[in-house]
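These protein sequence lines are chains A and B, in that order. Quick note on numbering: my numbering labels position 117 of the first sequence as 117, and the sequence is numbered without any gaps. Quick note on numbering: my numbering labels position 48 of the second sequence as 48, and the sequence is numbered without any gaps.
Where hints are given, some of them may not hold.
Said to hold, decoys possible - Quick list of in silico lysine-lysine cross-link-like pairs, DSS-like style, CA-CA up to 25 Å:
#, chain 1, residue 1, chain 2, residue 2
1, B, Lys92, A, Lys71
2, A, Lys71, A, Lys12
3, B, Lys92, A, Lys65
4, A, Lys112, A, Lys59
5, A, Lys112, A, Lys7
6, A, Lys12, A, Lys85
7, A, Lys71, A, Lys7
8, A, Lys71, A, Lys112
9, A, Lys65, A, Lys112
10, B, Lys92, A, Lys7
11, A, Lys85, A, Lys59
12, B, Lys92, A, Lys112
13, B, Lys92, A, Lys12
14, A, Lys85, A, Lys7
For the record, the hints were derived by calculation from the structure and aren't laboratory data.
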Amino acid sequence: MNNVIEKTIELKAPVARVWRALSDSGEFGEWFRVRFEGPFVPGQVVRGQVLFPGYEHLKFEMLIKEMQPEKLFSYTWHPYAVDPKVDYSQETPTLVEITLHRTAGGTLLIVKESGFENVPSARRAEAFRMNSDGWAAQIRNIEGYLARNA
Amino acid sequence: MFAALSDETRLSLVAALASGRTRSITELTAGTRLTRQAITKHLRVLEGVGLVRSNRFGRESLFELDPAPLAELRAYLERVSEQWDQALARLKAFVE
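The following block holds chain A by itself, in its conformation from the complex:
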């Protein structure tokens, strides 16, 4: 079973521009919808406030792992940590690695998130329940998954 999320996106912007949007916590927060309390520093935890509509009550934490300018930005975090009553810090986080690649048209960005095997089952169940809106779509996904793996 595939327990890694991988996303690729082509951006019509120079690598230097994309790197700034990743490495500067203010810029990262703009598109990620988080207000960070400080800069990104490898080896350090950075805290922030979620700005996403409906989730403004949430605090947010990332441990910055690696920052190789214009190449690699990586951090660990707790994905879908949406219950303010839960102390997610006791759970093993997932690892996010964002790599940049120069292309003729700009930048190819690849996101890889791994380590979902450590997310507690109860947490997955919670995300599942909260996602009831997308239920019909999920059913199709599950059917597709089972068909592909049958």
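Could you slot chain B onto chain A? The hints should help.
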């Protein structure tokens, strides 16, 4: 559960049970190069994470798939994946 499904034999057992029909260890062992004991061990691992249920029927244990944990796991990954799609679309709008 990821660990339970990271094994080829266990994945193939899940696939064999995916039709919805219950199967005995004998049926599940047929067509593999593994022993009954080995297959039983794999089935118990799947049972341990709630992917498979077993019922005793006379001298045999019959196994069936419980798709709920699979669906839950899949939905969780879909949810995180969806959040990435949205975040990357915002990043695109931000830098272009």
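### Query
Between A:Lys85 and A:Lys7, is the straight-line Cα distance small enough, at 25 Å or below?
violated, 30 Å
### Message
Does A:Lys7 sit within 25 Å of B:Lys92, going by the straight-line distance between their CA atoms?
### Response
Given pair B:Lys92, A:Lys7 holds - Cα atoms ~13 Å apart, limit 25 Å.
### Message
For a C-alpha distance cap of 25 Å, please report whether B:Lys92 and A:Lys71 respect it.
### Response
Roughly 17 Å separates the two Cα atoms, so the pair holds.
### Query
Straight-line Cα separation of A:Lys12 and A:Lys85 no greater than 25 Å?
violated, 41 Å
### Query
Under the criterion that the straight-line Cα-Cα distance not exceed 25 Å, is the pair A:Lys85, A:Lys59 satisfied?
With Cα atoms ~11 Å apart, A:Lys85 and A:Lys59 stay inside 25 Å; holds.
### Task
Take the C-alpha atoms of B:Lys92 and A:Lys12, compute the straight-line distance between them, and say whether it is at most 25 Å.
holds, 8 Å
### Task
Would you mind confirming whether the straight-line C-alpha gap from B:Lys92 to A:Lys112 stays at or under 25 Å?
With Cα atoms ~17 Å apart, B:Lys92 and A:Lys112 stay inside 25 Å; holds.
### Message
Would the hint linking A:Lys71 and A:Lys112 be met if the CA-CA limit is 25 Å?
### Response
holds, 14 Å
### Message
Would the hint linking A:Lys71 and A:Lys7 be met if the CA-CA limit is 25 Å?
### Response
Given that 25 Å is the threshold and the Cα spacing comes to 16 Å, the pair holds.
### Query
Does the structure keep A:Lys112 and A:Lys59 at a Cα separation of 25 Å or less?
holds, 23 Å
### Query
Straight-line Cα separation of A:Lys65 and A:Lys112 no greater than 25 Å?
Within the cut-off at roughly 14 Å; holds.
### Task
Could you grab the alpha-carbon distance between A:Lys71 and A:Lys12 and see if it respects the 25 Å cut-off?
The given pair, whose Cα atoms are some 17 Å apart, holds under the 25 Å limit.
Hint compliance for this structure: hints 6, 14 are broken, all remaining hints hold.
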